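Colleague: All chains, full assembly: derive it from the sequences and hints.
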Amino acid sequence: MTELTWLRPDRGLLRLRRLECLLYLGLPLTGVSAVIAYVAGSAAGVGAALLTVGLVGLALTAVERRFHAWGYAEREDDLLVRRGALVRRLSVVPYGRMQYVDVTAGPLDRRLGLARVTLHTAAAASDASIPGLLAAEATRLRDRLAALGEARAAGL
Amino acid sequence: MTQADPQPELVWERLHPLTPLLRGGKFFLALAAIVGQQSFRQDVRPPAYVSGLTALLITGLAVLAGYVSWRRTGYRLTDSELQVDSGVLTRRSRRVPLARLQAVEVVRPVIGRVMGLAELRLEVVGSGSAEAPLAYLSESDAHELRARMLARSQGTSSESPVAPDEARVLVVVPPGTLVTSLLLAGSTVFLGVVLVAFLITAAISTDIAMAAAVGVISVVLPFGSALVKRFLTEYGFTVAETEGGLRLTRGLLDTRASSIPDGRVQGVRIIEPWLWRRRDWVRVEVDVAGYAAGQGEQTTSTALLPVAPRALGTALAARVLGTALPPAIARVPDRARWRAPLSHRRLAVGLDARHLVTTSGVVATTTDVVPLAKIQSIRLTAGPWQRRLRLASVHADSAGRRLKVGSARHRDQDEAVLLVEELSELARAARRA
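Chains as they are written, first to last, in the numbering used here: chain F, 10 to 165; chain G, -6 to 426.
Bear in mind the hints are in silico, worked out from the structure with no lab data behind them. Values in this document were obtained by computation on a predicted structure and should not be read as measured data. Yeah, the Cβ is synthetic: ideal placement off N, Cα and C, and Gly gets one too. Please note: incorrect hints may appear among the correct ones.
[As the list claims (entries may be wrong)] If you want the ones that stay clear, here's a sample from chain F, every Cβ over 12 Å from chain G, calculated:
hint: 1; residue: V48
hint: 2; residue: R91
hint: 3; residue: S100
hint: 4; residue: P116
hint: 5; residue: A144
hint: 6; residue: E146
[Said to hold, decoys possible] What the simulated footprint calls covered on chain G by chain F, stretch by stretch (three residues with Cβ under 8 Å from a Cβ of chain F suffice, anywhere in the stretch; the number is not a length):
hint: 7; segment: 160 to 169
hint: 8; segment: 188 to 195
[What the hints assert, rightly or not] One side only, chain F facing chain G, incomplete, derived with CB under 7 Å:
hint: 9; residue: L13
hint: 10; residue: T14
hint: 11; residue: L16
hint: 12; residue: D19
hint: 13; residue: R20
hint: 14; residue: R24
hint: 15; residue: A43
hint: 16; residue: A46
hint: 17; residue: L95
hint: 18; residue: V96
hint: 19; residue: V101
Modeller: Okay, here's the thing in structure tokens:
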């Protein structure tokens, strides 16, 4: 693994994950804090607000670390995908083993012009999936993988 | 049909004419059970002849529907695929490419055995849903069709159906051995302990025992029925060698004959339960790609050999994998005991040009084998605790779904990275071989 060049997801993925963090964690917690402040008085409300800020901050650092852990590298015969900050994972998927490639983009992803490329093999446990690719890069990767997969296909 | 029929001279064959009756009979039994249950209730009780007539009428309708569907179902075997057309209102036309065939199974349910009928099930790669099992055929038809399909899926002898009894028997598991092995199974011991504890409690105080009875029954029932089921399904287990692979026959009430074509095995597991060690017995399980075609309830069991002396078990594993297995000698570092205190002594890895062997286990020793040519992807994982100990796990994923084989856990970090490299190199070479 000497001349390996690791490519990374677009910076937009970090923005997306932060947005999700605020939307799905920050917003509900803020609501809950407001209710607590209303019901149990301002002291409890301040406590809840502090807790909210702490939790969201923690989630944001986790998101940041996970973003930096993402990477993928196209080798001659296989694709490497690494991910995970707490549990580190590295997947090696030979092109010849690919059954099909998926490109998916949710509503938020599309807003930011991002897409996720997923490789499927015949094994259920294979989990090579790369989120946060710019649409052009996602299409390039998909076409390249499909072409390589066809060229190197092997029977089960 | 849009395509031109490639082999118009092949006639469509029908399932066995007794099929609707057998299906209707099953239906009748189910109904009779419901009606019988109802008639025990006091509150609403229609006269016996009313419920009896209703049941008969419904069964008659079911048989009629079965007859119509039987009339509209046909199958035929071409050189390259099995074609099954069925359906009354919605027509369904299935084409199963024989090149994708992983295994074939002939199942004979108890009622079917009396009438000489059998069901044919197919296993195909990546089929999530039922692959149109052929139910029911006459036994001879089922065996002949299976032999022909297997022969064609292997690309050998396209004509001249293989005689069904060209098999050389390798192993027969004697009933006595099976019973002993089940008595020495972990769940039997567990059951015994629970029952003895219950009896002691009952001797001391009937009240407590009565209170605990429901709990005890709910524990005993599933374990007991699992043991009985294993006895019924694995009774008379016979492994025979045929031209293109192995054939397994087993079962006391419902009998099953399944075939494992050569080179379709995705993984092998050799299990040595603690209580079997004195006798040096092992159990061997295999995994092929794809789901069992029947899906749902009784999918193909994974057993290749329910119990046998170790030498025989490893020899059979080697037979099914093609070559002898490398020994698992590379142990994990001592510090792995902080992560896997109970099993770290048993964790080891062996690797040669064809297979990856891993061992693990807390009470039972488990040896897993993955043929390198079948590896779909390789993964390295390292959790926080593992990273602190500079450990990592390597997983070689194959297309088998019933056994989770190919995990080399808690290796030294640097060694794990090297192992991933080595595995992907060797797997690439093995694929091309």
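Colleague: The structure should be examined with respect to each hint, and the outcome stated for every one.
Modeller: Results for each hint:
Residue placement check: V48(F) keeps its beta carbon more than 12 Å from all beta carbons of chain G (closest about 38 Å). Distance check for R91(F) against chain G: the nearest CB is about 9 Å away, which does not clear 12 Å, and the non-interface claim fails. The Cβ of S100(F) does not lie farther than 12 Å from every Cβ of chain G; its closest approach is about 5 Å, which violates its non-interface assignment. Separation of P116(F) from chain G is adequate, the least Cβ-Cβ distance of about 28 Å exceeding the 12 Å criterion.
Non-interface status of A144(F) relative to chain G is upheld: no Cβ of that chain comes within 12 Å, the nearest being about 26 Å off. Remark: the non-interface label on E146(F) is consistent with the geometry, its nearest Cβ contact in chain G lying 22 Å away (cut-off 12 Å). With 0 residues having a Cβ less than 8 Å from any Cβ of chain F, the segment 160 to 169 of chain G misses the three-residue criterion, and the hint is violated. With a cut-off of 8 Å between beta carbons, the segment 188 to 195 of chain G has 0 residues touching chain F; three or more are needed, and the interface restraint is violated.
Violation of the interface hint for L13(F) is found here, the shortest Cβ-Cβ separation to chain G being roughly 11 Å, above the 7 Å cut-off. Proximity of T14(F) to chain G is violated relative to the hint, the smallest CB-CB distance being about 17 Å (cut-off 7 Å). The beta carbon of L16(F) comes no nearer than 19 Å to any beta carbon in chain G, farther than 7 Å, and the hint placing it at the interface is violated. For D19(F), the interface hint is violated, since its Cβ never comes within 7 Å of a Cβ in chain G; the closest pair sits about 24 Å apart.
Annotation: R20(F) was flagged as interfacial toward chain G, and the flag is violated, the nearest CB pair being 26 Å apart, outside 7 Å. For R24(F), the suggested interface contact is broken, since its CB lies about 27 Å from the closest CB of chain G, more than 7 Å. Hint status for A43(F): violated, given a least beta-carbon distance of 35 Å to chain G, over 7 Å. Among the interface hints, the one on A46(F) is violated; its C-beta lies about 36 Å from the nearest C-beta in chain G, farther than the 7 Å criterion.
About 5 Å separates the beta-carbon of L95(F) from the nearest beta-carbon of chain G, less than 7 Å, and the hint is met. Proximity of V96(F) to chain G holds as hinted, the smallest CB-CB distance being about 5 Å (cut-off 7 Å). A hinted interface residue such as V101(F) counts as satisfied when its beta carbon comes closer than 7 Å to some beta carbon of chain G; here the least separation is about 4 Å, so the hint holds.
Checked against the numbered hints above, the structure breaks hints 2, 3, 7, 8, 9, 10, 11, 12, 13, 14, 15 and 16 and satisfies the rest.
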